[in-house]
Amino acid sequence: MKRLFRFLSRSRNDIAADVQDEFAFHLDMRVQDLMRTGMAESDARRQALEEFGDVARGAQACVAQGATIERQRHVSRIVAEFKQDTWYGLRLLGRSPGFSLVALLTLALAIGGNTTIFSIVSALRLRPLPAHAPHELVRIYTGQSQTSWLNYDDMRRRNLVFSDVAAHGMQRLPLAVGDGAVRLMGELTSANYLSVFGVRPLLGRAYGPSDTRADLVVLSERTWRARFAADPQIVGRQLTLGNRTYDVVGVMPRGFRGARPPGFVSEFWIPIDPARAAQVITDRRKPAFEVVGRLRPGIGSGEAQAAMQVLTREIRNEHPELDESFLNTEVFLIDGLRSFRGVMSTLAPVFAFVTLMTAVTGFVLLVGCANISGLLLSRGAARRREIGVRLALGASRGRLIRQLLTESLVLALIGGSAGVLLALWLGTLFNALIGQLPVPVEFDLSVDRSMLLYALLVSAVTALLCGLAPARKSTRFDLVPALKDDAYAPARQRLRQWMLTGQIAVSCLLLLWGGLFLQSLRNAHEVDPGFDPTGVVLASVEFDEGSLTPAAIASQLDVLLTEVRGMPGVQSASASTVVPLTLMGREEFRVRTDADPPDARGRWVMANRITPDWLRTLHITLIAGRDFTPQDVAGGPPVMIVNETLARDAWNGAALGQRLNGTEVVGIVRDSKYWTLGETIMPAVYMPLAQRPVSGVNVLVRSTTPGATARALQTEIVRHDPGLAPEIQPLNNALRAALLPAQVGASFTGAFGVVGTLLTMMGIYGVVSFAVAQRRREIGIRKAIGATTQDIVLNVMRGIGVPVAVGVGTGMILGTLGAYALRGFIVGVSPIDPQTIVATAVLVVGTAAAASALPALRASRVEALDALREPH
Amino acid sequence: MSTLSLLQGTVDLLILRALQAGPTHGYAVSRWVRDRTEGVLAIEDAALYQALHRLEGRGWIDAEWGLSENNRKAKYYRLTPTGRQQLRSEISVWKKYVQAVFKVIEPA
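So the protein sequences, as listed, match chains A and C.
Using the numbering used here, read the first sequence as starting at 1 and increasing by one per residue.
Using the numbering used here, read the second sequence as starting at 1 and increasing by one per residue.
To be clear, the hints were calculated from the coordinates, so they are not data collected in a lab.
Note that beta-carbon positions come from the ideal geometry of N, C-alpha and C, so glycine has one too.
A few of these clues could be false.
[Unchecked claim] One-sided and incomplete, this derived list gives chain A residues near chain C with beta-carbon spacing under 10 Å:
#, residue
1, Phe-23
2, Phe-25
3, Asp-33
4, Met-35
5, Gly-53
6, Ala-64
7, Gln-72
8, Phe-332
9, Leu-333
10, Asp-544
[Said to hold, decoys possible] Cβ-Cβ distance ranges computed for the label pairs, FRET-style:
#, chain 1, residue 1, chain 2, residue 2, range
11, A, Asp-33, C, Val-40, 17 to 27 Å
12, A, Gln-72, C, Lys-103, 37 to 47 Å
13, C, Gln-85, A, Asp-14, 49 to 59 Å
14, C, Trp-94, A, Arg-91, 44 to 54 Å
15, A, Glu-50, C, Gly-66, 43 to 53 Å
16, C, Asp-62, A, Thr-86, 23 to 33 Å
17, C, Lys-103, A, Thr-86, 50 to 60 Å
18, A, Ala-382, C, Gly-66, 22 to 32 Å
Work out the full structure, taking the sequences as your base and the hints as a guide.
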């Protein structure tokens, strides 16, 4: 009870005293009245008391009632004061529009940036797998991410730890649209795949193990909207994918992505047709599917892994042709960052972007806070007369602090609302940027409750951060000098100086990064990727894996390439699975040389499957040995070509004739970049595509007339087989994905760096102007005793020397450390780049000098006599 | 005539009615009730004050310290607009109540 009354303006004792006074008055009046009728005083008092009843109980009840009233009044007073403060805050904002605009823009930028980051992170991590009981879902890796159909089938039928096991593999198929076709990225799955997740379709039904037909397709909500205008009658319609017709049986709800990582979109699901997919599903050694399982209740992923390792050992005993790595079976839950396993490298730019933006927007928020804090401090100083008067009139310091904090809260909330709008726009921008990646990736960055809550929280924290210190400072002083308008104590500037130092450091860091990324962007255009994309046309095609044997695919590709070679202008034509630097395809292998000890785990190499002439098409020089020839076919002795780095690492350069996983090395080629421009060269192997054909192939054609060839290629490929649905573009276009990190980095750090610097400039200007205003009299005296304009300007500017020096130093050190972490995305620039560091320092110091020169000059024009005569 | 014990809620009505003429202190309210009922309705003053404070809590009356006719500090009560409204409705309810009871005990 006591706590409740602690905040009352009238204490319980006051109330009790009032009640006592009231009762005493009543009794005295009654006694007087009775005595007026001639009664003796003692009799009169006795009668008065009798009429009154139980004085003590009455008093107690009245005091309790009074306390309740007091409490209600206190609450409504606080509410009223809050309203009043809010209005006052809004009026103040309107009265100094310049200050308000700057502060609001700062807050909107910073809170908007932070909120965007939050929604990206929450789309990546915080949203669980859209499935029933996601904690039971696991992925099963058999030494690698993919497993062959027969092995999958054995694991499904013979395990005791899963209630169900399903398989799925990526499948790109052209969807016939009018005369042409668009390529959709979907999944070919085991019949039970969709039912493993226990998700109800949005429309129709999901296919299941009981379906006897396999020409069924389930669409994603996104595809249904984008390609079929959200047709409510879609179920039962037929559509042509590749060269086959499917019945649409259902549409999965928005956000459903099967077992794929967050952000990865699947556009359709079709069940595997054992009758047609014989090629894919009869080769036990051909890993083509990812496997997911649902754990039986009560079984953990560790237990399941142990059980599966026993099972895979049995399977390998029965099929000794399987690779030894098959025994390294792993079972792991699909949650958190683990759901990104296998696609980490694809998403690396996204993660880098998110990390970078977190840092950058965080810093800008800090700078913004410091600035607003500074502005509030100066305004607090300007308002100290008002505050002094209010304190003198009896307002408590707590009340005034509350008022000042409410003002900054108003500011932060308006800024935060603008920030949410900005975040929406940034989210669209982000999705547009990652839309340039060759895999369909999209994040759900729409407004939701957690995002709004986050923005609100950030705004409130911001208000506290930038409001509390100024509010406390502005209300802490002696009344008398404040009312007399005496000079502000110089010590009050110290907090401001600290904040200024921090601001300069952050601006410096952002500009440094911006500079590095900008150089990186320039270098990215010039850096030598190890191959020559100019004049090369890229056509991605998809053979129908269902109807063609691998041998048929290889021969069809051969026919196609021969036809293309005969086209006018074509110098060479070839094909590969991976197109370097385009993020299209990526293969990694663990390999062992004959010299490696048998128990060694081997080394990771990047891999590509290529046709003869591919190296010539891309101008990748053969250093030793030979290129693949049309004689390197399936059934012939397996061969491979290695890059210089692998040859050097594994065999000190003498790679020819050596063996890697039992395959002979027949050639060594110059190093080239594989995944990003910023990477250090990784060991790589090339294998003949004909020995390991796949359905998704990239045709690369070097031509003297690339534009004409691109157009002719379209006609030629479609004439060859309309189901191939070619996607044709100059290779240089496709390489833009490689520039993405540098572009994104440069634009974002650059933009925020400029914003940060502008904010800092305003901060410096504010601090110096304020200092000058405080020192008018002193400057006047200096002039009176003979100081020149130059003396005064230098003297004023020297005041910010220390913050600038310390800030620049700190910013450079932190910025360089940060640049080390980002060096994978900085192409051709060392994180310690003297040129960038010097340029940044000059820029920041110059800006600081400029921002302080103006008020300093103004100070030097003070007329000595005027300043001294001014009342103070 | 001996004094009657009071029906529930009647004290509130009497206080509100007493304050209808204008602001006054608790003692005057007590006197006014005694005089108007010629002593038939005796309200214990302790109960009267509790009621006054309760009505203040409900927002029907306001209180303010002032000076009494003999220059003593006294707490003055005043009807608020809601209190005035409350008085009107309580009077009409009371009249209906009394008429109903009369119809039962003295049929026409």
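Tested hints:
| no. | hint | in the structure |
| --- | --- | --- |
| 1 | Phe-23 | holds, 7 Å |
| 2 | Phe-25 | holds, 5 Å |
| 3 | Asp-33 | holds, 8 Å |
| 4 | Met-35 | violated, 13 Å |
| 5 | Gly-53 | holds, 3 Å |
| 6 | Ala-64 | holds, 9 Å |
| 7 | Gln-72 | holds, 8 Å |
| 8 | Phe-332 | violated, 65 Å |
| 9 | Leu-333 | violated, 60 Å |
| 10 | Asp-544 | violated, 82 Å |
| 11 | A:Asp-33 with C:Val-40: 17 to 27 Å | holds, 19 Å |
| 12 | A:Gln-72 with C:Lys-103: 37 to 47 Å | holds, 42 Å |
| 13 | C:Gln-85 with A:Asp-14: 49 to 59 Å | violated, 31 Å |
| 14 | C:Trp-94 with A:Arg-91: 44 to 54 Å | holds, 50 Å |
| 15 | A:Glu-50 with C:Gly-66: 43 to 53 Å | violated, 28 Å |
| 16 | C:Asp-62 with A:Thr-86: 23 to 33 Å | holds, 28 Å |
| 17 | C:Lys-103 with A:Thr-86: 50 to 60 Å | holds, 58 Å |
| 18 | A:Ala-382 with C:Gly-66: 22 to 32 Å | violated, 43 Å |
Checked against the numbered hints given earlier, the structure breaks hints 4, 8, 9, 10, 13, 15, 18 and satisfies all the rest.
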